[in-house]
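Novice: Sequence:
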Amino acid sequence: MKLPRTHQAAAGEPCLLVVSDFDGPHGAHRRLLARARARADADGLALAALLLAPGRQEGRSASNLRDAAMALRECGVEQLMIARAGSARARRIMAWPNVRQCMEADDEARMARSAQAVDAAVRAADFAAVQRLLERPLVVSGRVVHGRKLGRTLGFPTLNLRMPHGPRGLDGVYAVRVHGLAPSALPAVASVGIRPTVEDDGERLLEVHVLEPIAACYGKIVGVEFLKKLRDEVKLDGLEALEAAIGRDIIAASLYLG
1 MKLPRTHQAA AGEPCLLVVS DFDGPHGAHR RLLARARARA DADGLALAAL
51 LLAPGRQEGR SASNLRDAAM ALRECGVEQL MIARAGSARA RRIMAWPNVR
101 QCMEADDEAR MARSAQAVDA AVRAADFAAV QRLLERPLVV SGRVVHGRKL
151 GRTLGFPTLN LRMPHGPRGL DGVYAVRVHG LAPSALPAVA SVGIRPTVED
201 DGERLLEVHV LEPIAACYGK IVGVEFLKKL RDEVKLDGLE ALEAAIGRDI
251 IAASLYLG
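For reference, each letter of the sequence shown is one residue, going 1 to 258 in the UniProt record's numbering.
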């Protein structure tokens with residue numbers, strides 16, 4: 001099976017391999033990777049990760065693949081391979097017993113509980129809990145792409161980021177901060193979803209209206225840090241109602257962000 005590599009050490013370098021979905025990665029993943037890092041260092045090995053990605057329609061609870069890869073690199077992973085569900089129709093996976101040698105007895109249960117807790121916290125928009133579980137804020141990153149320019153027409157220009165694979169349960173409108181456009185994060189209001197008032201193609205987008213003037217930034221990679229949910233995504237009765245709702249969202253985000 002061909003494995004796409006997003007980050008790797010020198011070709012052929014011996015490694016210690018950790019296998020997981022690394023959704024987050026959450027705290028249990030980070031503790032496992034810390035032990036794996038120490039074991040790899042003791043044995044003179046590179047630390048590698050095989051990320052088991054979901055199918056294209058499934059999505060992830062707390063990170064897209066770009067964010068997971070960045071977090072794994074921060075945890076000391078030097079080689080990263082990605083295997084997407086559906087590329088091989090495996091029903092069972094077999095491995096030698098010592099494939100689990102870096103894990104403690106309760107690691108598997110702890111990781112399952114952590115994953116469920118992260119998923120529940122994201123769906124509840126409890127971003128303080130998400131930060132405790134991930135040991136970092138919930139940030140979704142992506143490349144700014146061209147959109148229909150409808151927001152600009154309404155007087156609210158947006159940064160558009162495609163996000164077809166997650167995080168799950170995040171659809172709605174939020175007060176956020178945007179990283180990567182200025183030396184410090186910029187206040188903004190963001191909408192995640194399929195834009196039911198103006199579209200019917202089902203494509204999920206992250207649209208961000210920055211509350212301070214910015215230059216055109218198409219092609220740049222930005223990070224959107226989620227802070228507070230303002231409302232659910234709803235289908236409104238036309239563009240006039242949408243314009244009024246966006247105006248209210250901007251006021252609410254501005255009050256929250258100070």
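Since the hints were derived computationally from the structure, they do not count as laboratory data.
Fair warning: there could be bad hints in the mix.
[Said to hold, decoys possible] Have a look at the derived ranges for each label pair, beta carbon to beta carbon:
1. 131 with 254: 19 to 25 angstroms
2. 217 with 197: 21 to 27 angstroms
3. 154 with 43: 56 to 62 angstroms
4. 19 with 200: 38 to 44 angstroms
5. 200 with 35: 45 to 51 angstroms
6. 152 with 229: 21 to 27 angstroms
7. 19 with 199: 25 to 31 angstroms
8. 194 with 43: 44 to 50 angstroms
9. 153 with 13: 48 to 54 angstroms
10. 221 with 168: 18 to 24 angstroms
Yeah, the Cβ is synthetic: ideal placement off N, Cα and C, and Gly gets one too.
Novice: Cβ-Cβ distance between residue 217 and residue 197: within 21 to 27 angstroms?
Specialist: holds (25 angstroms)
Novice: Could you check the hint for me, namely that residue 194 and residue 43 are 44 to 50 angstroms apart, CB to CB?
Specialist: holds (48 angstroms)
Novice: Against the range 45 to 51 angstroms, how does the distance between the Cβ atoms of residue 200 and residue 35 compare: consistent or not?
Specialist: holds (49 angstroms)
Novice: Using the beta carbons of residue 19 and residue 200, state whether their distance is inside 38 to 44 angstroms or not.
Specialist: At roughly 40 angstroms between Cβ atoms, residue 200 and residue 19 fall inside 38 to 44 angstroms, so the hint holds.
Novice: Hint says 18 to 24 angstroms; check whether the CB-CB distance for residue 221 and residue 168 agrees.
Specialist: With a Cβ separation near 22 angstroms, residue 221 and residue 168 satisfy 18 to 24 angstroms, so the hint holds.
Novice: Given the hint of 19 to 25 angstroms, is the C-beta distance from residue 131 to residue 254 inside that range or not?
Specialist: holds (22 angstroms)
Novice: Taking the beta carbons of residue 154 and residue 43, is their distance inside 56 to 62 angstroms?
Specialist: Since residue 154 and residue 43 have Cβ atoms about 58 angstroms apart, the given range 56 to 62 angstroms holds.
Novice: Measuring from beta carbon to beta carbon, are residue 19 and residue 199 in 25 to 31 angstroms?
Specialist: Because 38 angstroms falls outside the window, the suggested range is violated.
Novice: Given the hint of 48 to 54 angstroms, check if residue 153 and residue 13 actually sit that far apart at their C-beta atoms.
Specialist: holds (52 angstroms)
Novice: Mind checking the hinted window 21 to 27 angstroms against the Cβ distance between residue 152 and residue 229?
Specialist: Holds, at about 25 angstroms.
Hint 7 from the earlier list is the only one contradicted by this structure; the remaining hints agree with it.
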